[in-house]
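In case it helps, the numbering used here puts the sequence shown at residues 1 to 209.
Hints in this document: simulated from the structure, not taken from any laboratory.
No false leads were mixed into what you were given.
Derived CB-CB ranges, DEER-like:
id, residue 1, residue 2, range
1, Pro35, Thr78, 40 to 48 angstroms
2, Leu100, Lys149, 19 to 27 angstroms
3, His198, Val56, 29 to 37 angstroms
4, Asp55, Lys197, 36 to 44 angstroms
Quick caveat: nothing in here was measured; it's all calculated off a predicted structure.
Cβ atoms here follow ideal geometry from the backbone N, Cα and C, with glycine treated the same way.
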Amino acid sequence: MQNCILCQSYKTSLYYQDHNRMFLNCNTCDCVFIPHKDLPKPEEEKTRYLAHQNDVEDHGFQKFVAPMVQAILANHSTKDMGLDFGAGTGPVVSKLLGDLNYKTALYDPFFHPNKAALKDTYEFIVCCEVIEHLHNPLKEFVLLKKLLKKKGILYCMTDLLPEKESFKNWYYKNDFTHVIFYTPKTLQWIQKKVGFKHLEIDRRLIKFY
1 MQNCILCQSY
11 KTSLYYQDHN
21 RMFLNCNTCD
31 CVFIPHKDLP
41 KPEEEKTRYL
51 AHQNDVEDHG
61 FQKFVAPMVQ
71 AILANHSTKD
81 MGLDFGAGTG
91 PVVSKLLGDL
101 NYKTALYDPF
111 FHPNKAALKD
121 TYEFIVCCEV
131 IEHLHNPLKE
141 FVLLKKLLKK
151 KGILYCMTDL
161 LPEKESFKNW
171 YYKNDFTHVI
181 FYTPKTLQWI
191 QKKVGFKHLE
201 IDRRLIKFY
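I would like the entire structure built from these sequences, with the hints used as guidance.
Below you can see the structure in the form of structure tokens.
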């Protein structure tokens, strides 16, 4: 069986398979992931992302990201500098924070390829609907930790893996750009491996610091 996309362990097994994709489970870090050979190509990813209806003025979209925005407002002042990592075509979190005079740099490999943003450090980083897309997640989490100031906070938003009997009908797995799914155990593995002191999970909102 193939090695894990996150921790590189070979202790993996078939989790689920449909007519579109195979999903593997790692017995070490507990994630469910897509085999390397089935990962989408960059041009396929970009086409998919361009099809997303991510209008920053859309009230439904704004409500969807509200837990992340509220957490940042509760923990940071307008003096703090943030990074929207994987900002995509509609960086709604940055837009809502900007309306409240918060400053946020944008980075996205497809739509905001601002490498200069990855040479600074930040009081907070937001990854809104990003970590499920990562093809090399450990590398990216190590980078994100490096980009945080000493007391900085990384905010992630994603759907955590449901119970196995629910996976077949889980809408989140059907997006072919979603290639890794996390459990609390997976997030704890990342916390320990990358060197975060704290991990908080509040439904879809995850904080590392």
